[in-house]
Amino acid sequence: MALYALQELARLVGGEIIGGREIEISGVAGIKEAREGEITFLANPKYESYLATTRASAVIADHDGGSSKPIIKVQNPYLAFLKVMALFSGDASARRQKGIHPAAVIAPSARIGADVSIGACCFVGENVELGKRTTILPLVCICDDVKIGEDCFIYPHVTVREHCEIGNRVILHSGVVIGSDGFGYAKDGELNRKIPQIGIVRIEDDVEIGANAAIDRATTDVTLIRRGAKIDNLVQVAHNVVIGENSILAAQVGVSGSTELGRNVVLGGQAGLVGHIRIGDNAMVGAQGGVTKSIPADTKVSGYPAREHSLARKIYALIARLPELFKEVKDLSQRIDAIEKGTRGDPPAKND
Amino acid sequence: MALYALQELARLVGGEIIGGREIEISGVAGIKEAREGEITFLANPKYESYLATTRASAVIADHDGGSSKPIIKVQNPYLAFLKVMALFSGDASARRQKGIHPAAVIAPSARIGADVSIGACCFVGENVELGKRTTILPLVCICDDVKIGEDCFIYPHVTVREHCEIGNRVILHSGVVIGSDGFGYAKDGELNRKIPQIGIVRIEDDVEIGANAAIDRATTDVTLIRRGAKIDNLVQVAHNVVIGENSILAAQVGVSGSTELGRNVVLGGQAGLVGHIRIGDNAMVGAQGGVTKSIPADTKVSGYPAREHSLARKIYALIARLPELFKEVKDLSQRIDAIEKGTRGDPPAKND
Amino acid sequence: MALYALQELARLVGGEIIGGREIEISGVAGIKEAREGEITFLANPKYESYLATTRASAVIADHDGGSSKPIIKVQNPYLAFLKVMALFSGDASARRQKGIHPAAVIAPSARIGADVSIGACCFVGENVELGKRTTILPLVCICDDVKIGEDCFIYPHVTVREHCEIGNRVILHSGVVIGSDGFGYAKDGELNRKIPQIGIVRIEDDVEIGANAAIDRATTDVTLIRRGAKIDNLVQVAHNVVIGENSILAAQVGVSGSTELGRNVVLGGQAGLVGHIRIGDNAMVGAQGGVTKSIPADTKVSGYPAREHSLARKIYALIARLPELFKEVKDLSQRIDAIEKGTRGDPPAKND
Chain A
2 MALYALQELA RLVGGEIIGG REIEISGVAG IKEAREGEIT FLANPKYESY
52 LATTRASAVI ADHDGGSSKP IIKVQNPYLA FLKVMALFSG DASARRQKGI
102 HPAAVIAPSA RIGADVSIGA CCFVGENVEL GKRTTILPLV CICDDVKIGE
152 DCFIYPHVTV REHCEIGNRV ILHSGVVIGS DGFGYAKDGE LNRKIPQIGI
202 VRIEDDVEIG ANAAIDRATT DVTLIRRGAK IDNLVQVAHN VVIGENSILA
252 AQVGVSGSTE LGRNVVLGGQ AGLVGHIRIG DNAMVGAQGG VTKSIPADTK
302 VSGYPAREHS LARKIYALIA RLPELFKEVK DLSQRIDAIE KGTRGDPPAK
352 ND
Chain B
2 MALYALQELA RLVGGEIIGG REIEISGVAG IKEAREGEIT FLANPKYESY
52 LATTRASAVI ADHDGGSSKP IIKVQNPYLA FLKVMALFSG DASARRQKGI
102 HPAAVIAPSA RIGADVSIGA CCFVGENVEL GKRTTILPLV CICDDVKIGE
152 DCFIYPHVTV REHCEIGNRV ILHSGVVIGS DGFGYAKDGE LNRKIPQIGI
202 VRIEDDVEIG ANAAIDRATT DVTLIRRGAK IDNLVQVAHN VVIGENSILA
252 AQVGVSGSTE LGRNVVLGGQ AGLVGHIRIG DNAMVGAQGG VTKSIPADTK
302 VSGYPAREHS LARKIYALIA RLPELFKEVK DLSQRIDAIE KGTRGDPPAK
352 ND
Chain C
2 MALYALQELA RLVGGEIIGG REIEISGVAG IKEAREGEIT FLANPKYESY
52 LATTRASAVI ADHDGGSSKP IIKVQNPYLA FLKVMALFSG DASARRQKGI
102 HPAAVIAPSA RIGADVSIGA CCFVGENVEL GKRTTILPLV CICDDVKIGE
152 DCFIYPHVTV REHCEIGNRV ILHSGVVIGS DGFGYAKDGE LNRKIPQIGI
202 VRIEDDVEIG ANAAIDRATT DVTLIRRGAK IDNLVQVAHN VVIGENSILA
252 AQVGVSGSTE LGRNVVLGGQ AGLVGHIRIG DNAMVGAQGG VTKSIPADTK
302 VSGYPAREHS LARKIYALIA RLPELFKEVK DLSQRIDAIE KGTRGDPPAK
352 ND
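Protein chains in written order, with this note's numbering: chain A, 2 to 353; chain B, 2 to 353; chain C, 2 to 353.
Hints are computed from structural coordinates only; laboratory data are not their basis.
Straight-line alpha carbon distances no greater than 30 Å define the calculated DSS-like cross-link-like pairs of lysine-lysine that follow:
1) Lys99(C) <-> Lys84(C)
2) Lys188(A) <-> Lys47(B)
3) Lys148(C) <-> Lys99(A)
4) Lys195(A) <-> Lys294(A)
5) Lys342(B) <-> Lys328(C)
6) Lys342(B) <-> Lys331(B)
Simulated restraints, written as ranges between beta carbons of each label pair:
7) Ser69(C) <-> Ser110(B): 40 to 48 Å
8) Pro324(C) <-> Lys133(B): 57 to 65 Å
9) Glu9(A) <-> Ser311(C): 51 to 59 Å
From the three backbone atoms N, C-alpha and C, an ideal C-beta is built for every residue, glycine too.
With the hints as extra help, turn the sequences into a complete structure.
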């Protein structure tokens with residue numbers, strides 16, 4: 002087990018030590034779970050009270066909080082913790098499998114780059130291209146004519162359907178489906194006739210897609226996930242959608258067909274977007290929000306139907322006050338009754 | 002690359018050409034993505050403005066819209082585009098694998114119809130029956146005693162659990178699970194005792210089920226997906242549910258146990274239905290709707306809890322006006338105060 | 002086919018027969034689907050009317066309901082039916098595969114307990130431990146260093162990622178992903194830098210997890226699913242979450258990072274919980290509820306944002322009455338106008 006002096010860690014993260022610089026650190030952990038010898042961090046104010054009770058031997062924080070524990074004080078505690086964690090987790094790539102497993106089934110026409118790993122029981126179809134150092138874990142299916150770039154990491158049970166294109170350093174988690182048919186039918190009386198989905202999915206560099214998410218291929222053209230976008234588990238991205246650069250989609254989000262997201266958009270968990278709308282750069286949608294029309298850039302919306310966030314908050318607060326409003330209106334009505342009957346000045350009748 | 006004269010395409014779709022009939026078309030694409038030489042279509046009024054800017058060489062539309070581009074005018078542009086797209090996409094079946102891969106594992110008692118394809122690393126269990134021309138892509142698991150009809154198409158990583166029955170021309174996309182155990186427990190003090198789920202799932206002809214959707218087997222009897230139903234990605238269908246003919250379930254819908262849908266029902270994305278209710282023929286549920294009781298035929302509902310759609314729209318519009326309502330009630334209260342104090346006629350006090 | 006005298010069944014469930022004890026029962030079914038010779042049950046009052054019309058030859062119920070059919074009267078009809086069903090379904094374990102399939106790929110360092118079954122095209126990684134009598138169906142991926150206890154049942158297409166720990170008698174349905182990376186990034190300008198997820202998932206005894214559900218590994222430490230918890234299909238459990246003993250999560254629920262559930266918590270379908278909150282013992286969240294803050298023990302909440310359930314019901318009922326409230330306020334305003342103009346006593350102007 003590696004041991005690091007607290008001073009070394011402070012130097013690594015560019016922080017200032019407050020108290021007790023002689024101790025050694027043996028590992029990292031969350032503030033509630035940390036044991037003696039470990040270092041933790043405090044980033045979320047909700048956890049402030051744990052600063053007094055944590056068993057960790059040191060804490061990375063943006064203030065000293067009057068703690069008796071040594072603090073490494075930095076501006077961004079989570080980012081600093083991240084660097085420390087990387088130090089302790091060692092070289093994760095060392096844990097990766099190497100080479101091509103003999104129980105993988107690979108079409109002869111596939112072009113496999115240098116240092117690619119392919120696990121047992123994988124299927125790699127005709128004309129597939131796999132870039133250098135890409136790792137494919139067991140039980141993955143790469144269909145015909147797919148192109149995958151360099152340094153990708155593809156977890157078990159991923160499907161990449163025919164003709165789809167994936168950039169460099171892309172991570173696909175278990176159960177992800179890339180390029181399933183879009184959901185398109187044309188009514189023919191009561192019957193729903195399938196519209197062939199002959200487009201593709203293109204995923205640019207540095208995208209990560211969470212477990213069991215589904216990205217449908219375009220009807221024609223392309224469903225596009227731009228550079229740096231991060232998509233959480235169980236998300237649905239419909240045909241012909243565009244997800245902008247560095248956008249973040251939390252778990253169980255659904256984006257309907259042909260909707261386009263700009264750069265740095267953030268969609269909260271379980272949010273749903275109708276089709277054929279545009280979400281501007283830096284826009285945010287609150288968790289469970291139901292977005293029914295386009296959103297301008299730099300706007301936050303929430304609720305159902307989604308409205309500008311501060312308005313939505315105000316409205317939901319007023320909804321909570323509806324019982325008193327109904328009571329007040331009933332009360333006013335009785336006071337007017339009294340005035341109309343000429344008994345103005347008498348106290349209004351009690352009611353509840 | 003195939004080239005078709007615009008006149009040929011117009012004849013194919015039974016449309017009238019407005020302007021420039023001498024051009025040749027080399028492909029199909031969406032109105033925003035189309036390049037010179039390609040044909041596109043305009044069906045959604047939201048895209049009307051692209052008619053002026055598209056680089057496509059021709060457009061299928063239901064009006065000429067004053068465009069300088071040649072138009073093939075038809076009543077249903079999407080349906081016409083579909084026919085043209087089929088022309089250009091060629092015979093998709095030609096891309097299909099043929100035959101049974103030597104790395105498929107097939108129980109000796111399985112009965113495999115003529116011209117069936119089974120991909121690498123598939124498992125086909127005891128007594129399975131596969132109808133003629135059914136295609137099973139790699140890495141599919143068909144458990145014991147399953148029956149699958151003719152001309153089905155089953156994508157990678159599908160699971161069909163034991164005893165389930167699947168009709169003809171059924172399409173199951175990657176990650177679909179057919180026949181997982183229903184979610185049933187009986188309370189025994191604090192413990193939840195599992196109720197064995199010994200029923201099956203039966204899927205009738207011409208059903209399509211999207212990526213990573215889950216259809217649970219019945220507790221006893223059958224969970225039934227009727228002829229022509231179309232189910233999108235990540236949908237949950239619980240035990241003993243019946244989905245009616247030609248019904249459409251958009252992505253991430255959840256249908257709780259024993260609920261029954263009639264014919265031609267449409268459930269919007271992320272809608273949720275409680276258990277043990279009945280949704281009448283042709284009923285519609287808006288996206289994210291939360292359905293807590295049965296819905297009569299030919300009714301549209303939306304919102305949470307779901308109400309008749311025009312009422313729901315009215316209510317959501319009034320909710321947006323709550324800030325002004327609260328203000329008005331406060332205002333009325335002050336005016337009544339003034340009347341009661343005998344100062345009637347004075348202007349009410351300002352407030353906000 | 003086994004036949005049982007009604008008296009035998011009554012004895013099995015400790016019930017009292019009301020009417021006709023001479024008949025024999027050949028099977029079990031739901032009240033709507035049952036045929037002559039079968040026994041069914043009535044537990045849900047919504048199905049009361051079927052008591053008169055069911056073709057079943059006997060019914061298990063908690064009252065006799067004036068039925069002409071023989072009734073086995075018990076306190077908990079579902080639990081009694083369960084016992085009868087188990088009698089007819091026979092020994093399900095007899096249907097299980099036995100032994101290790103030659104097409105399974107198992108690392109030499111894996112330790113496999115006695116009477117373990119491993120299906121075709123499974124991958125079992127280095128240092129994996131599998132307890133006695135655990136059954137792994139085909140096409141399952143157990144990554145390096147995973148520990149799985151005794152008598153577990155793991156369905157096709159499950160992924161268990163490296164280092165995760167699974168107790169005894171755990172059931173994982175098809176498509177389940179255990180130990181996918183948590184969704185954690187640190188902002189670096191516009192870029193989202195991945196935070197390594199180096200914790201694990203620990204699943205205690207007697208847990209069941211539904212098809213295509215995803216349980217993310219912790220950032221550090223552990224995502225914990227405690228003893229007896231039951232999780233339905235397509236549920237998302239984020240990193241560092243704790244699910245308490247015997248808690249029940251219905252389909253498509255989402256639990257955000259670091260949130261902790263107590264014992265016996267029940268989350269309705271499609272409910273969503275924000276991160277870093279605590280749900281007390283025995284708390285309940287209604288279907289589609291959006292939980293934005295901690296919930297005390299023994300509390301039921303519902304709606305968006307989730308509020309105490311009886312208040313939420315009241316508020317949703319008042320929302321439905323908003324059209325009349327707006328009308329009444331308009332009416333009051335006109336009556337005050339009239340009073341202020343000195344026309345008090347005249348009937349208010351009609352409006353709608």
